[in-house]
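Chemist: Chains A and B, in that order, give the protein sequences.
The opening position of the first sequence corresponds to residue 116 in the numbering used here, with each subsequent residue numbered one higher.
The opening position of the second sequence corresponds to residue 149 in the numbering used here, with each subsequent residue numbered one higher.
There may be inaccurate statements among the hints.
Unchecked claim - Straight-line alpha carbon distances no greater than 27 angstroms define the calculated BS3-like cross-link-like pairs of lysine-lysine that follow:
1. A:K269 with B:K168
2. B:K276 with A:K167
3. B:K221 with A:K221
4. B:K204 with A:K167
5. B:K276 with A:K146
Everything labelled a hint here was simulated from the structure, so no lab data went into it.
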Amino acid sequence: MELHPDFADTQQKQKQHFHVLAVDDSLIERKLLERLLTESSCKVTCVDSGDKALEYLSLLDSQEIEYSTDLSSSPPSAQQEAGYMKVNLIMTDYSMPGMSGYDLLKRVKMQGSSWKDIPVVVMSSENVPSRISMCMEEGAEEFLLKPLQLSDLKKLQPHLLKSLVHPTEDISTSNDHGSDNNMMHDITTLNDSDNVLVSERKVMSPEPLERRPKINGLLVV
Amino acid sequence: MDVMIQLQRQLREHSAFLRKEGYLDDQFEQLQKLQDESSPDFVVEVVSIFFDDSEKLLNNLAKAVEQKAVDFKQVDAHVHQFKGSSASIGAKRVKNVCIEFRNYCEAQNIDECLICMQKLQFEYSVLKNQLEYLFRLEQQIRAAGV
Chain A
116 MELHPDFADT QQKQKQHFHV LAVDDSLIER KLLERLLTES SCKVTCVDSG
166 DKALEYLSLL DSQEIEYSTD LSSSPPSAQQ EAGYMKVNLI MTDYSMPGMS
216 GYDLLKRVKM QGSSWKDIPV VVMSSENVPS RISMCMEEGA EEFLLKPLQL
266 SDLKKLQPHL LKSLVHPTED ISTSNDHGSD NNMMHDITTL NDSDNVLVSE
316 RKVMSPEPLE RRPKINGLLV V
Chain B
149 MDVMIQLQRQ LREHSAFLRK EGYLDDQFEQ LQKLQDESSP DFVVEVVSIF
199 FDDSEKLLNN LAKAVEQKAV DFKQVDAHVH QFKGSSASIG AKRVKNVCIE
249 FRNYCEAQNI DECLICMQKL QFEYSVLKNQ LEYLFRLEQQ IRAAGV
């Protein structure tokens, strides 16, 4: 299989990971979640409140604007980095002082929110059916019961992959529509102790590229 | 090494004891599974955070239940937090006392709450001793293996 030289190059340089924003007021929970996610090859950012989560998301947005104005002239690595910082999933505790996980969910999924398409998963130590349906109705992808386990993270896999298929750039050429047909699924397996990493790459046509191909993340199955 | 074999046996027996007596449940095992070369002290780190957290919580709880006019909502909030953290590390007995405690908070039964407070302090200190012993054994095994 012939790879465009730039593609192979960036693939070597960058190990793309899913970026998860974890929100919980409990330090123990944050530490646990961070470990679970790192074990699943995700990049994790932890914050201790809904307010901080919104602050962080806004910060990323303003950074992306900075990057995108220079995109045409900046090196591939900077473009990758803009995508690299982007949050692919928000995992939030339900009961938090101040802004609850539910409040955060509503804010993210709000009409006109620039974060509407980021999947949100709500976690709780309490199994309250009305709470669960409230969150699902508000657009949560999953409701997970604590304490979380590695097997719970497997449930999140489809949501993470879904977030990557979403177009993240405004530039859409005819190549883009055709690219779905030309999508090459390349499954490479790497050994990382006992874990198997599966990477799925969406490769554009191999002509000289104006856009860099998106390299999707590595997931532990 | 005789010492090594003995230590490992002690560790096995102590771990089995903790499981059997309900001090720890499956969740503790999950924590141990998350420990590896990339995170070799994970369990000790998490449990240390738990100890710090718990001591603060118990202090706050003790103050809250000793008030003339007990704010049951506040007490419940502390217990809820304690329940969450104990569940997260697999501290089964502590968690169960928390569940009982919350029920009495809801019923606003101060006498039973005070009893739960004592039970909680007791279960927590027993657990702390048990875990510290466990970690000491592990440390000795590591040292003996060098």
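Chemist: Does each hint hold? Answer for all of them.
Modeler: Verification of the hints:
1. A:K269 with B:K168: Outside the cut-off at roughly 30 angstroms; violated.
2. B:K276 with A:K167: Between K276 of chain B and K167 of chain A the Cα gap is close to 33 angstroms, so the pair fails against 27 angstroms, i.e. violated.
3. B:K221 with A:K221: 26 angstroms, holds
4. B:K204 with A:K167: Holds, because 24 angstroms separates the two Cα atoms, which is no more than 27 angstroms.
5. B:K276 with A:K146: The hint holds at about 20 angstroms.
Checked against the numbered hints above, the structure breaks hints 1, 2 and satisfies the rest.
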